[in-house]
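Modelling step: build the complete structure from the supplied sequences, incorporating the hints.
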Amino acid sequence: MTPDAPATAGPAMVAGGTPARSTRTVAGGLAARRAVRSGALWGVVFGITVASSALGYRSLYRTTAQRRALADAYGTNHAMSTLFGPAPDLQTVAGFTAFKVTMALMLIGAVWGLLLGTRLLRGEEDAGRWEVLLAGQTTMGRATAQVLAGLGAGVATLWAVTAVATTLVGRARGVHIGPGPALYFALAVVATSAVFIGVGAVTSQLAASRRRAAAWAAVVLGVAYAVRMVADAGIGLHGLVWASPLGWVEEAAPLTGPRPLALLPLGILCGALAVGAAHLAGRRDVGTGLVPDRTRARARTGLLGGTTGLAVRLARPTVLGWWVAVALSGLLYGLIARSAGSTITGSAVHQVLAKLGATGTGADAVLGVCFLILAVLVAFAAAGQCTAARAEESSGRLDNLLTRPVAPAGWLGGRLAVALAAVTGGGLLGGTAAWLGASSQGAGVRFPLLLAAGVNLVPPAAVVLGLGALTLGLAPRATAAVVYGYLGWSLLVVVVGGIGGGDHWVLDTSVLHQMSAAPAVPVDWTADGIMAAVAVVAAGVGLAAFARRDLAPA
Amino acid sequence: MPPPPVVATSGLTKRYGDTEALVDLDLEVSAGEVVGYLGPNGAGKTTTIRLLLGLVRATSGTARVFGRDSRRDAVAVHGRLAYVGGETSLWPGLTGAETLHLLGRVQGRVDGAYRDELVERFSLDPSKKVRAYSKGNRQKVVLIGALMTRPDLLVLDEPTDGLDPLMEQAFRLTVHEARERGQTVFLSSHILSEVEALCDRVGILRSGRLVEMGTLAEMRHLSALTVEATFDGPVPDLGDVPGVGSVVVDGRVVRCHVRGSVAPLLEVLARAGAVGLLSREPSLEELFLARYGGSEPTGDA
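For the record, the sequence lines run as chains A and B.
Going by my numbering, the first sequence opens with residue 1, and the numbers climb by one from there.
Going by my numbering, the second sequence opens with residue 1, and the numbers climb by one from there.
Short, incomplete list of chain B residues facing chain A, as computed with Cβ under 10 Å:
id	residue
1	75
2	78
3	81
4	128
Hints are computed from structural coordinates only; laboratory data are not their basis.
Think of the CB as a built atom: it goes at the ideal place given N, C-alpha and C, for glycine as much as any other residue.
Here's what the structure looks like:
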């Protein structure tokens, strides 16, 4: 047996009863394989984002005058810095790229980290696969440490692919990003992934299920983002930037004025979280969390009269979480809309917003972009409902219903109706909260306008639901990949297309591009109607196909 | 006209790509019968049941339950049956009581008094969340959820997986009750003693094909009888006696299997002065193992 033979191959014991190396590291090996694959994939996405931003800027802002105008408008705009972080240098490709992509990649990387970390730690345990591992030559603490090492390999891969892509982009004509800064930039961007893998690892020890562990880690991320927003809002609280890991990356200032020391606390925090998680893992039983779980409850049967009521009951905690996130985001965007809008009218920022479809004036234009972000949140909630429906089937829970007098299409139709109600509620809440925030600042944006902008968030999410139903009917095992893949693609197309032009046919494939940038422009009810029709047809075909096909286990 | 059989399949076949999960199954179960369905893992037991429930489509052939197509009329058929699977997955956030409430409402009819009796009999604590239940307790929830509706047909796919011997006893009692009430039971199992204790007829499945179907008495008749004779003198040579095989001599005791009539053997034994004689019908386990070549009581060529 060679030292690097696959962990699952070969005898478990070598002569003399010494455990072979492979049985001790099998957990880490399995985790590393999945984490590296995922890290490589997302590294490519990060690379494409960096390339599109750098090359888009190069072609859009050719002259020094254009670049100076952009810098004058953006560099001092607190609304922009609240959303995307500070923009100290917008006159170079490197500086613009750092401003444009750092925050987005940090957030995506953090979400990636907390989902992957909780999946490979807590998810594997929930599925019962850890018991097999732990019956071997390892303990909870050691197995956790191994999986963390495997996850570390995933982060290293994410960093390496992002770094290589950034270096290659940096060599393009007129971009001027050296290999050193490129490597440092990639490090700063992926640092939050490592931190949130650590956060997910700790919540995986505290919570009794993967879903709860991921939700708690997401709350930590939300707080970290909100703290950073307040720090960058220009209200004299910039010191708060040190209270958020996202702020530390900002202070590390990749591609503008590098301060590598600011990354030091990130490293320390990662180490502390990893050691803490492994330590906590050693102090609990398999399948339990350190925060005691309520094992008994009084029966609440109000919603349990049928399959659609059950769908409401199951979706309720997740949907409430999304609603809170959408409402808080809407409120925040409303609060900043006026001050942001006052500085951009007629400026170069205005041109950039216009390229994202927000051609209005002042607060309306800013809210146009903000509602695009809300649309992404609402559409992700819709995608989550599609994968939740598939999980009912793949887990076998659906068997309990479909072996009783329940029509398959009725069950799926009920779930889709609940999901549609959830995204509609999200849209209305987002619009109302944005209006509350904006009117508290005297922005003078009318309520019907923002409510319509909230309703306008629903059709793109409905298309995602329709696509999810269609996939569930035709290729159920691909449901998660298709809905999240399509959503990621739609997002990429508007971000890249919004900066660098982009082909009309490519842009049209993005459901977020099809949505009008209300309230910056009037709601395009025709486009919404077409999206609704597409959603209805896709869902109808999906329902029919679902009723006809065999149930498909995992 | 007699009522249609509760379950009737004809040429029922299911293929997954090149894999033949079930081939040409012809099966009939009459009202009030308790039928056992045996086979090793992967023989096609669960595939048969998923076809009967209409959860998967047949590649060819038909499956009728209560005289109706099991796939096309699934909703109507399901109104009169209840199903218990071996690998049970329930909603972890619901309590046992909430789960039973849901399953009853979805089914549309529940015998509440009987449900409470079953909860008692299976010693289930319904206030606990499913997440906190052991595998056996989750299985109890599913069993109670099926039995409490008093269905005309019970479809059970390895239903006692994870139950301890006491609960297995409670389960057998419950199936006996169901039979006495005239309910039909289709029981897939690999616990042979369970099938032997409960079932009127038994089918044996092998690699997707039904290789045996009949009452236990019929199947035993087809198989060999085990005979053990003791002598106080020399042991006779039984090798040439018609129908006798697998002769083993152990001191003054001889053991053999005999197929067909026992008269020729008895004649030889009597002549040789046998002082003791034991004969035993093959157990279901022996019949089953014989079908799969694990033992040799039938002496098949």
